[in-house]
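Colleague: For reference, the chains in residue letters:
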Amino acid sequence: MKNKRSLFAVPYVVWMALFVVIPIVIMLVYSLTVAVTTDGGESIRFSFENFTGMGAYVSVFARSFWLAIIATLVCLLIGYPVSYLMAREGAGFQRVAMALIMLPMWMNFLLRTYSWMSILENNGLLNQLFQKLGIIALYNNLTGQNIEYFQMIRTPGAVVLGMVYNYLPFMILPIYSVLSKMDQSLIEAAQDLGAGTADVFRRVTLPLSLPGVLSGVTMVFVPSVSTFAISRLLGGGTSMMLGDLIESQFLGGAYNPHLGAAISMVMMVIVVVCMLVMNHFGEGEEQAVML
Amino acid sequence: MSKELIRLSDCVMTYDDDVVLDHIDLTIRDKEFLTLLGPSGCGKTTTLRIIGGFLTPTSGDVLFDGKRINDVPPHKRLVNTVFQRYALFPHLNVFENVAFGLRMGQTVIEQEGDAEVRRKVKIPEGEIRSRVMEMLEIVNLKGFERRPVTALSGGQQQRVAIARALVNRPKVLLLDEPLGALDMRLRKDMQQELKRIQQEMEITFIYVTHDQEEALAMSDTVVVMDGGRIQQVGTPEDIYNEPKNAFVADFIGESNIIDGVMRADGVVEIFNRKFQCLDKGFEKDEPVDVVIRPEDVDIVSEAEGQLKGTVTAVTFKGVHYDTIVDFYGFKWLIQTTDFCPEGSRIGIKIDPDGFHVMKKSQYSGMFGDYSSYSEEYDEINDPTLLDEEEEGADDEE
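Sequence order for the protein chains is A and B. In case it helps, the numbering used here puts the first sequence at residues 1 to 291. In case it helps, the numbering used here puts the second sequence at residues 1 to 397.
Just so you know, not all the hints are guaranteed correct.
No more than 25 angstroms apart at the CA atoms, straight line, and that leaves these computed lysine to any residue pairs for SDA-like [unchecked claim]:
1) A:K181 - B:A151
2) A:K181 - B:N93
3) B:K76 - A:T38
4) B:K171 - A:V200
5) B:K76 - A:R88
6) B:K120 - A:I187
7) B:K122 - A:R88
8) A:K181 - B:T150
9) B:K122 - A:G196
10) B:K171 - A:T197
11) B:K122 - A:D199
12) B:K76 - A:I187
13) B:K76 - A:T197
14) B:K122 - A:E188
15) B:K76 - A:D183
16) B:K122 - A:K181
17) B:K171 - A:E188
18) B:K142 - B:K76
19) B:K349 - B:A217
20) A:K181 - B:R187
21) A:K181 - B:R169
22) B:K122 - A:L206
23) B:K171 - A:D199
24) B:K76 - A:T205
25) A:K181 - B:R263
26) B:K120 - A:T197
27) B:K171 - A:I187
28) B:K122 - A:R202
29) B:K122 - A:A198
30) B:K76 - B:R169
31) B:K120 - A:L186
32) A:K181 - B:E202
33) B:K76 - A:L186
34) A:K181 - B:H75
35) B:K120 - A:N108
Treat the hints as calculated values from the structure; they're not laboratory data. All values reported here derive from a predicted model rather than from experimental measurement.
Given only the sequences and the hints, what does the whole structure look like? Please build it.
Modeller: This is the structure:
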């Protein structure tokens with residue numbers, strides 16, 4: 001009986017082994033070796049060099065995590081109220097809001113990011129608008145400077161904006177899902193026991209929605225930390241992030257897959273540790289989702 | 001008799017075009033155990049939610065201690081609720097669930113000049129502790145305070161819900177079918193326990209149920225509702241012995257309800273035969289509904305009987321036999337300790353106090369014939385009836 005059932009698990013186990021376990025092992029091997037060129041050709045040898053030399057990239061690590069944390073917080077600050085509102089309003093509002101949130105996700109990710117480029121560029125849509133409205137002239141008058149445009153693209157702010165824009169739905173959906181399933185009678189019970197609107201939220205709604213918040217934070221933070229297209233297109237090289245660094249080791253001019261693999265491993269470990277700590281916070285809220 | 005505490009005055013509640021409460025007038029006295037009794041969709045839960053402050057009546061007034069409280073939100077009312085499915089906070093343990101209301105602070109009313117000022121005052125931790133523990137002892141949950149509520153049985157969760165409401169020392173406790181999810185024996189124990197708590201704490205209980213036995217066993221006053229209206233208000237004895245109309249007679253206990261005519265004071269005619277009864281004050285020859293409780297009928301030999309009929313079904317019930325007898329095409333339920341085999345001819349005798357005469361009402365002719373025990377049984381056997389009618393009634397509750 002039991003054996004028969006485990007038979008169905010075989011495709012999954014094979015899949016996981018082929019595409020998850022083996023690649024990680026390969027990465028581990030890569031990260032613990034370096035390439036050496038001898039007269040006979042190329043070979044590899046075991047070494048910790050990749051890790052010991054990691055110090056040079058501390059600033060990239062710091063920037064990546066810092067921008068990802070900011071993006072996650074912004075997503076949370078926008079996403080929670082939106083989810084809360086959606087869960088409270090009627091079915092009609094929920095459908096419309098859900099469509100508006102999902103609609104951009106049906107468009108290609110790169111296309112969306114390119115659109116932001118043309119909006120944020122120095123002579124892009126926004127700057128043209130500011131020019132027409134005289135905001136730039138006003139700014140020059142007030143500050144005594146003489147600028148022709150606001151520098152928006154190629155700033156860390158643009159990178160955060162890009163991440164928030166792309167990953168916000170992943171914050172809203174899990175929080176909304178928890179809030180909309182919350183038992184309404186719990187809120188009535190709290191009111192009945194003397195809790196005003198603020199107390200109901202602080203003591204009942206918020207604690208009960210923590211699992212949704214945790215999974216939203218996870219789903220925004222992890223892709224944010226490893227993003228590369230957004231930072232390259234909107235950050236324009238001024239704010240290199242981990243994703244860019246790793247990409248350049250595999251595909252770019254700095255070709256060194258051993259170092260790229262080592263950076264990936266370190267990043268993975270840090271992310272996993274972050275998630276474990278987060279889930280520890282949410283203990284007792286059982287269904288805290290880990291990716 | 002204690003003083004009036006809550007009054008619903010001409011309360012109407014409508015959802016879209018649905019009239020859920022149809023001009024309700026109800027007075028609830030201090031320290032009484034009052035039960036709102038009726039089938040699902042009768043408006044009993046709506047009435048309770050209006051008192052709790054979760055609904056505002058479409059028209060009419062809710063008075064508490066003589067003051068209009070229509071617009072007072074639930075958290076400012078001196079009323080607490082035990083919810084149907086308990087609504088315990090799953091993220092808090094037993095102690096914190098019970099302490100919830102106390103942590104919200106206590107409302108004190110201070111006299112400042114002429115004006116009354118209400119102020120929320122924090123309750124010190126020590127007092128919270130002692131009050132919670134005292135309450136857990138009253139509901140027999142001592143030693144459970146650190147348990148998560150999700151790990152408790154239904155009966156235990158029930159007690160936490162009661163303790164959580166009562167610890168705030170409300171003037172009124174509202175209970176919405178609180179025993180509905182418990183098994184029969186536990187229900188009976190909890191009925192007694194609730195009654196004990198109510199008497200010990202001297203609090204007004206307003207209890208909603210569709211279970212007539214429960215209502216009769218616990219209440220000081222029973223309010224029978226149907227179709228958004230109050231059908232009758234009275235003590236359990238009044239309601240059982242002197243039902244006002246066919247609906248009440250049928251809903252409370254078993255009743256044979258027969259068309260009759262009042263020929264004079266103390267004389268009622270059914271099946272073209274005159275019987276002695278105790279009821280007075282009807283018009284001469286007024287058509288009436290006559291209730292005869294199954295236990296008030298004596299079976300005698302056919303020759304001695306005031307009415308003669310044929311037994312069509314007999315069911316052994318332990319204490320008695322449920323005997324269905326056909327009198328001139330009308331099926332009676334008679335509860336008797338004498339066994340009469342199916343198909344036998346019997347006679348019956350009814351003492352004058354076995355008759356209860358009621359004025360005709362909208363419910364006349366709907367109940368009281370024992371071809372089947374329930375209307376629902378007839379409905380589910382009838383393919384021409386759409387089953388949409390009942391839908392939604394329960395959700396609303």
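Colleague: All the hints need checking, so say for each whether the structure fits it.
Modeller: Verification of the hints:
1. A:K181 - B:A151: 21 angstroms, holds
2. A:K181 - B:N93: With a Cα-Cα distance of about 21 angstroms, the restraint between K181 (chain A) and N93 (chain B) holds, given a limit of 25 angstroms.
3. B:K76 - A:T38: 84 angstroms, violated
4. B:K171 - A:V200: Answer holds: K171 (chain B) to V200 (chain A) is near 22 angstroms, not above 25 angstroms.
5. B:K76 - A:R88: 22 angstroms, holds
6. B:K120 - A:I187: 20 angstroms, holds
7. B:K122 - A:R88: Measuring from Cα to Cα gives roughly 30 angstroms; hence the hint is violated.
8. A:K181 - B:T150: 17 angstroms, holds
9. B:K122 - A:G196: Measuring from Cα to Cα gives roughly 15 angstroms; hence the hint holds.
10. B:K171 - A:T197: With Cα atoms ~23 angstroms apart, K171 (chain B) and T197 (chain A) stay inside 25 angstroms; holds.
11. B:K122 - A:D199: 14 angstroms, holds
12. B:K76 - A:I187: It holds: about 15 angstroms lies between the C-alpha atoms, which stays within 25 angstroms.
13. B:K76 - A:T197: Holds, at about 12 angstroms.
14. B:K122 - A:E188: 22 angstroms, holds
15. B:K76 - A:D183: With Cα atoms ~22 angstroms apart, K76 (chain B) and D183 (chain A) stay inside 25 angstroms; holds.
16. B:K122 - A:K181: Violated, at roughly 32 angstroms.
17. B:K171 - A:E188: 19 angstroms, holds
18. B:K142 - B:K76: Violated - the C-alpha atoms of K76 (chain B) and K142 (chain B) are around 30 angstroms apart, more than 25 angstroms.
19. B:K349 - B:A217: 30 angstroms, violated
20. A:K181 - B:R187: Judged against 25 angstroms, a Cα distance of about 30 angstroms means the pair is violated.
21. A:K181 - B:R169: The given pair, whose Cα atoms are some 32 angstroms apart, is violated under the 25 angstroms limit.
22. B:K122 - A:L206: 22 angstroms, holds
23. B:K171 - A:D199: Given that 25 angstroms is the threshold and the Cα spacing comes to 23 angstroms, the pair holds.
24. B:K76 - A:T205: 20 angstroms, holds
25. A:K181 - B:R263: 63 angstroms, violated
26. B:K120 - A:T197: 15 angstroms, holds
27. B:K171 - A:I187: 22 angstroms, holds
28. B:K122 - A:R202: 17 angstroms, holds
29. B:K122 - A:A198: 16 angstroms, holds
30. B:K76 - B:R169: 14 angstroms, holds
31. B:K120 - A:L186: Answer holds: K120 (chain B) to L186 (chain A) is near 22 angstroms, not above 25 angstroms.
32. A:K181 - B:E202: 38 angstroms, violated
33. B:K76 - A:L186: With a Cα-Cα distance of about 17 angstroms, the restraint between K76 (chain B) and L186 (chain A) holds, given a limit of 25 angstroms.
34. A:K181 - B:H75: 23 angstroms, holds
35. B:K120 - A:N108: 55 angstroms, violated
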